[in-house]
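Undergrad: Whenever a hint applies, use it, and build me the whole structure from the sequences.
Top to bottom, those sequences are chains E, B and U. Position one of the first sequence corresponds to residue 1 (the numbering used here), numbered consecutively onward. Position one of the second sequence corresponds to residue 325 (the numbering used here), numbered consecutively onward. Position one of the third sequence corresponds to residue 612 (the numbering used here), numbered consecutively onward.
Calculated from the structure, these hints are not laboratory results. Even glycine gets a Cβ: it sits at the ideal position worked out from N, Cα and C. Each hint should be verified, as a subset may be incorrect.
[What the hints assert, rightly or not] DSSO-like cross-link-like pairs, simulated, lysine-lysine; straight-line CA separation at most 30 angstroms:
(1) LYS444/B / LYS681/U
(2) LYS931/U / LYS956/U
(3) LYS151/E / LYS780/U
(4) LYS151/E / LYS1007/U
(5) LYS151/E / LYS781/U
(6) LYS444/B / LYS951/U
(7) LYS444/B / LYS956/U
(8) LYS956/U / LYS151/E
(9) LYS681/U / LYS832/U
[What the hints assert, rightly or not] One side of the interface only, derived from the structure: several residues of chain B facing chain E at Cβ under 7 angstroms:
(10) SER408
(11) SER426
(12) ALA437
(13) PRO587
(14) LEU598
[As the list claims (entries may be wrong)] Rough simulated footprint, nothing fancy, chain E against chain U, three-plus residues with beta-carbon under 8 angstroms:
(15) 713-724
(16) 743-756
(17) 780-791
(18) 837-851
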Amino acid sequence: MSFKSIKYPAFWISVGLVALAGILPLITGSNTTRETMFLVLTAIALASSLNMLLGYAGYVSFGHIVFLGFGGYVGFYLIVDHNWSLWLAMLVGGLMAGLLALLLGKAILHLRGAYFALATIGVNEAIKTFVKNFDLFGGPVGLEVNFLVYKDYGGPAQMQWTTYWAIFGLALLAVLVSYAIKFSRFGLGLMAIREDEDAAMVLGVRTPSAKTWAYVLSAIIPGMLGVILFFRNSSVEPEDAFRLHRSIEFIVMVMLGGQGTVLGPLVGAATYDTLRGFLLTSPLFKDLQLAFAGLLLLLIVLFVPTGIVGWLRGRFRQLWRVLE
Amino acid sequence: MDQFIASLADGLLLGFVYGLAAMGLTLIFGVMDVINLAHGPIIALGMFAVFFLGPPGLGLHPYVALLVVAVLGLIFGAIIYFISVHRILDGPHLSSLLSTFSVNMMIIGVGTAIFTTTPKNMDFSIGGLAFWALNIPFTRLVGAFIAVLVAAALYVFLYRTQQGKAIRAVANNRAASELMGIPSTMTLALSFGIGTMLAAVSGAIIATFFSFSILSGGVYELKSFVIVVLGGLGNPTGALLGGLILGALEGIVPVFLPVSWVPVIEFVLFVLILMYRPNGLFGGGRS
Amino acid sequence: MKRLFLFVILSTITALVAACGGAAPEPAAPAQEQPKAEVAQEEPAKEEAAAPAGGEEVVTIGYTASKTGKLEVPSRGQTRGLELWLEQVNKDGITLSDGTVVKFDTKTYDDESAKERVQSLYTTLIEEDSADFLISPYSSGLTDAAAVIAESYGNVMITTGAASDATYKKGLTSVFQLYTPASRYLTGAIDMLAALDPDAKKIAFVYENAKFSTGVVEAAKAYAEEKGFDVVLFEGYDSETTDFAPFLNKIAAAEPDAVMGGGHFNDGSTLARQLYEKNTPVHFLALLVAPPELQFAELADAALGVVGPSQWEPQANYTKEAAAAAGLEWYGPTVAEFAKAYEDKYGEEPGYHAGGGYAAGVILQRAIEQADSTDPAAVKAALDDMNLLTFFGNVKFDTTAESHGLQQAHEMVYVQWQHDDQGNLVKQVVWPVEGQSAEPIYPLPR
Chain E
1 MSFKSIKYPA
11 FWISVGLVAL
21 AGILPLITGS
31 NTTRETMFLV
41 LTAIALASSL
51 NMLLGYAGYV
61 SFGHIVFLGF
71 GGYVGFYLIV
81 DHNWSLWLAM
91 LVGGLMAGLL
101 ALLLGKAILH
111 LRGAYFALAT
121 IGVNEAIKTF
131 VKNFDLFGGP
141 VGLEVNFLVY
151 KDYGGPAQMQ
161 WTTYWAIFGL
171 ALLAVLVSYA
181 IKFSRFGLGL
191 MAIREDEDAA
201 MVLGVRTPSA
211 KTWAYVLSAI
221 IPGMLGVILF
231 FRNSSVEPED
241 AFRLHRSIEF
251 IVMVMLGGQG
261 TVLGPLVGAA
271 TYDTLRGFLL
281 TSPLFKDLQL
291 AFAGLLLLLI
301 VLFVPTGIVG
311 WLRGRFRQLW
321 RVLE
Chain B
325 MDQFIASLAD
335 GLLLGFVYGL
345 AAMGLTLIFG
355 VMDVINLAHG
365 PIIALGMFAV
375 FFLGPPGLGL
385 HPYVALLVVA
395 VLGLIFGAII
405 YFISVHRILD
415 GPHLSSLLST
425 FSVNMMIIGV
435 GTAIFTTTPK
445 NMDFSIGGLA
455 FWALNIPFTR
465 LVGAFIAVLV
475 AAALYVFLYR
485 TQQGKAIRAV
495 ANNRAASELM
505 GIPSTMTLAL
515 SFGIGTMLAA
525 VSGAIIATFF
535 SFSILSGGVY
545 ELKSFVIVVL
555 GGLGNPTGAL
565 LGGLILGALE
575 GIVPVFLPVS
585 WVPVIEFVLF
595 VLILMYRPNG
605 LFGGGRS
Chain U
612 MKRLFLFVIL
622 STITALVAAC
632 GGAAPEPAAP
642 AQEQPKAEVA
652 QEEPAKEEAA
662 APAGGEEVVT
672 IGYTASKTGK
682 LEVPSRGQTR
692 GLELWLEQVN
702 KDGITLSDGT
712 VVKFDTKTYD
722 DESAKERVQS
732 LYTTLIEEDS
742 ADFLISPYSS
752 GLTDAAAVIA
762 ESYGNVMITT
772 GAASDATYKK
782 GLTSVFQLYT
792 PASRYLTGAI
802 DMLAALDPDA
812 KKIAFVYENA
822 KFSTGVVEAA
832 KAYAEEKGFD
842 VVLFEGYDSE
852 TTDFAPFLNK
862 IAAAEPDAVM
872 GGGHFNDGST
882 LARQLYEKNT
892 PVHFLALLVA
902 PPELQFAELA
912 DAALGVVGPS
922 QWEPQANYTK
932 EAAAAAGLEW
942 YGPTVAEFAK
952 AYEDKYGEEP
962 GYHAGGGYAA
972 GVILQRAIEQ
982 ADSTDPAAVK
992 AALDDMNLLT
1002 FFGNVKFDTT
1012 AESHGLQQAH
1022 EMVYVQWQHD
1032 DQGNLVKQVV
1042 WPVEGQSAEP
1052 IYPLPR
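TA: Written as structure tokens, this is what we have:
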């Protein structure tokens, strides 16, 4: 990353927005705000991570949730069965997710387009059904953490704040890494792959390793996040950990905001999440919220394929330096 | 040994029906390079269609109702095509994945509001066949037979009729076939309609022997993915064979392993085939 | 034209985004939409307030329901039961000794049958909607997530439809389980089999490979072995299995006398149907969740003779007299009163999820009366002391630190589908013997 980029307003806009979202609960002092922002920050962290692969390199990872589930399971297992601290478990969870991505990257990243998308779905389902049969992780029953463990984190109420700040940190990290990649040589290589992989190869981009590293980077934060999420919920089952539907939601967030930009996943995640929360609780839409969300997605795909940020950039050229 | 034979027979019969659903998915992919993520909900709609046309609703015989389901499926598919697929056909892969997924969300959302997720049962039984180690309900036998019939009809259509040839031409090279005067939009809509029809019909057949709800399509959608990859993306004949392989696996694996390992084996196989033989078991080697 | 359309779409979206963006810092926005519905509910309360009384207190009960997704069906029964209770209790309210009349209001959101939003929704319920008491979502997984919030605020949460034992064995203090825990779901079926056929020795456990059903069969397996049964097959199937044929061949090969297990409605009813169609030779079939549902009758002949554990049935014989005989306190409506009120309101016979939803309200109502206050600590203490017989059965909570809140007294009843005199399929309670509405049929008629 060239540190000159810090001078760009775009950098400060992204970081500022996440920071603002993060400290909002302190300003309002309300736990409801905290929980709302928890979901928003989770979405930002996951969408920004996915964007490193989907947006920059143009590879559609449909089963990206596998990293959240796998990393989360490993970390949560260490907490439950080996009394590890949350922080250490979180790091190991992230590393394991990264390792999984490294191995998978060698195996399936040579596939292109729809083939890669299908393979990621297969990987998620294979790992989910495997975990259901894997006794160490509790098989179909999953894992549960004893509430006594929360005492080490100041009791359940304090634990919710602690984990909130952890998610805030991860969201910030995801945005920083996105930014760093985007303005690095590595990032330019990825974008060259997105535009034309064969041409990129001819021009000297080492495509296999570039793709693999993008995949690994996009997996680590979801892995760490999974540990926090499961710990906060106090239990995990295979069906929640590897829910394919949630994977698709991340893609929608990235699309909505604008793939390939730093700000896009951020805006997309925040918009999508608040919108869903609104539809769910609104008396007008709550019975048809799923259908309505589908309709909105269709309209975006058909008419605003570059997402909110992309559209703004296309419309107002003077914003190019501001919205990255 | 008895158990082996019996399970293999059970699995293969169902394999034909799975194969039929997968043919729908693979046909659409072959012609327009679109993975139809609304495939599952369409299968579920086929189930509901036969339920409401059949004995619990209008009272048609389920196998007569199948014909109506086929026509409805064709029309519905063409509508989906014009609404959600036509505009983004030349866009990136992600667009078509997301637009068909949005159709998925809409069908499930409206379907849940109308039908709830309460499982439905056709309560349709026409006896069974029992000899030696085999014990096969006729509904499955007839279901498999219809699946083969439909597959054969599709083959004749694609290879013997003007329309079918047009579809294959468009699949091969859309630009060139347009130059040859083939109305590509109508042909594409027709193929999407046929793909949808196959999914709906297979759903309707499944509804004659399994219970279902609006969410049931998801399972068959995943099975269709596996089958399509086994048979090679875009290859309808391969899909039917892929269906048989999947059916056989589902029959045989439980003989040797706990049944809960069946999906693990299916999906691992799925990934391995994508890795090493992306053109399917019957296609060429590594691309 | 195209541009115009694009513009319209975009401005709509922008407006929506703006509306929601504005809502983000002020999460009360969704709640602001709510009052329309709320006003209607509060109106009777206001009238009452005008009447001269020793003051009135409205207590809010918060819960999430699965209005969409795979848990929609059982969750609906639960919600309906609770809403019926609410309507009835609010006719007079609860009068405390100082003359205060306590009335209830409910607040609910859709949890989409998924964990992600449960904690956020329960926090909203407590913080924004000022829920004083909580009812659990349906299913153990969602309840686990909700319990964290209940615990961190110290709000009492009555759980219904959350049977897993593990939830209550991790040091909770303010969560109370109404249902018989999973570990005791099938033990009665094993006793019943032993009583019906002393020669039956071989049991096959085939179950959905999921949290609840695995918990049930693991406990049942241990119990069966203790009772001298031979477990010839113990195998889980994937939740999404629709074709049991190969599995049935395997079951047949193990030659069991009895098959027990299942998981949820879909797989259970499919298993029963295919077992019948394949003519698999077993004498006894007990399945979780599916048989007590009225829709199970859609299986026609395949349903005949199938046994299922139920938390509660309209034929249950919990009465004032039974309470007196057992030295228990009786409270609330009789079984018949509840069943009739429910049928009048919803036009269908109540199932056990509905009974559970209603009973959760009754328990809370009794605890507030006993505590003579709506103070959470006092209500919690009243729940700890409770040993009550209601239409739903006996309710008594574990008060030890290790498994606080675990249900101790409530018992399962076992139903069996039988033909009545006209040849219609009806559900009869066949076990325990004291509660029988009909003699069990054995072996399975095939």
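Undergrad: Look at each hint and say if it fits the structure.
TA: Hint-by-hint comparison with the structure:
1. LYS444/B / LYS681/U: holds, 14 angstroms
2. LYS931/U / LYS956/U: With Cα atoms ~25 angstroms apart, LYS931/U and LYS956/U stay inside 30 angstroms; holds.
3. LYS151/E / LYS780/U: holds, 16 angstroms
4. LYS151/E / LYS1007/U: Roughly 28 angstroms separates the two Cα atoms, so the pair holds.
5. LYS151/E / LYS781/U: holds, 12 angstroms
6. LYS444/B / LYS951/U: holds, 26 angstroms
7. LYS444/B / LYS956/U: holds, 24 angstroms
8. LYS956/U / LYS151/E: violated, 46 angstroms
9. LYS681/U / LYS832/U: It holds: about 28 angstroms lies between the C-alpha atoms, which stays within 30 angstroms.
10. SER408: holds, 6 angstroms
11. SER426: holds, 4 angstroms
12. ALA437: Status holds, d = 5 angstroms.
13. PRO587: holds, 4 angstroms
14. LEU598: holds, 5 angstroms
15. 713-724: holds (count 3)
16. 743-756: holds (count 3)
17. 780-791: holds (count 3)
18. 837-851: As far as the region 837-851 of chain U goes, the hint holds, because 3 residues have Cβ atoms under 8 angstroms from chain E.
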